[in-house]
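Q: Read off the chains here:
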Amino acid sequence: DAGVIQSPRHEVTEMGQEVTLRCKPISGHDYLFWYRQTMMRGLELLIYFNNNVPIDDSGMPEDRFSAKMPNASFSTLKIQPSEPRDSAVYFCASSPSGRGGAGYTFGSGTRLTVV
Amino acid sequence: GNSVTQMEGPVTLSEEAFLTINCTYTATGYPSLFWYVQYPGEGLQLLLKATKADDKGSNKGFEATYRKETTSFHLEKGSVQVSDSAVYFCALSNAGGTSYGKLTFGQGTILTVHP
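Going down the list, the protein sequences come from chains A and B.
As numbered in the numbering used here, the first sequence has no gaps in its residue numbers, which increase by one up to the final residue, 106.
As numbered in the numbering used here, the second sequence has no gaps in its residue numbers, which increase by one up to the final residue, 594.
Derived from the structure by calculation, the hints contain no laboratory data.
There could be a bad hint or two in this list.
[What the hints assert, rightly or not] In silico lysine-lysine, BS3-like type, Cα no more than 27 Å apart, as pairs:
| hint | chain 1 | residue 1 | chain 2 | residue 2 |
| --- | --- | --- | --- | --- |
| 1 | B | Lys535 | B | Lys581 |
| 2 | A | Lys69 | B | Lys531 |
| 3 | B | Lys556 | B | Lys531 |
| 4 | B | Lys581 | A | Lys15 |
| 5 | A | Lys59 | A | Lys15 |
| 6 | B | Lys581 | A | Lys59 |
Sequences and hints are given; from them, build the entire structure.
A: This is how it looks when you write it as structure tokens:
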């Protein structure tokens, strides 16, 4: 099992550009979570999906952020247009069930820098 | 709503010292409690968990006991090693309601262990 795969590992982009982060969850996991980590705000849940359907997007900071899960093996988080304050590490995690966090497996993250 | 409060860091110890990282929580019902560890440049990994009052989670020499009366889940290790240097996150998950399936994290505590 390759675990949760995120790409790219690092992304540097200019303000105003579109950024797309990608995630491949563990096969058979039916929950997928997107988190953002910064020194100032710690770990923040942005959105999560169950069986490819968005369940709670209340953590998405604003309309510039959007997330999709077109199938069980792929999800994207898009920022358009990007701003310097979006610089953070973005983590994807998947879980075989929503009951508790024991099944959460995190990816290695995408470090985004917006200049 | 749910919340998790960890002791402020960073924590700096010498090798073989005793470690305590405090964690208290606020939640409705009967949450499950977790400690996650994040090594530099990596995603979060589950360290240990407890699902009901008085349960003790343990792994790699770390322990934490679910204390419902004090709403706490303090992390302890009797003798830390340099390789334990990481960021430690306390987290909780409710089994039902609108928080179903979601982990709520504390702000993280940076631990540095010197030889």
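Q: Decide, hint by hint, whether the structure agrees.
A: Now the hints, each set against the structure:
no. : hint                   : verdict
1   : B:Lys535 with B:Lys581 : holds (22 Å)
2   : A:Lys69 with B:Lys531  : violated (38 Å)
3   : B:Lys556 with B:Lys531 : holds (21 Å)
4   : B:Lys581 with A:Lys15  : holds (19 Å)
5   : A:Lys59 with A:Lys15   : holds (12 Å)
6   : B:Lys581 with A:Lys59  : holds (18 Å)
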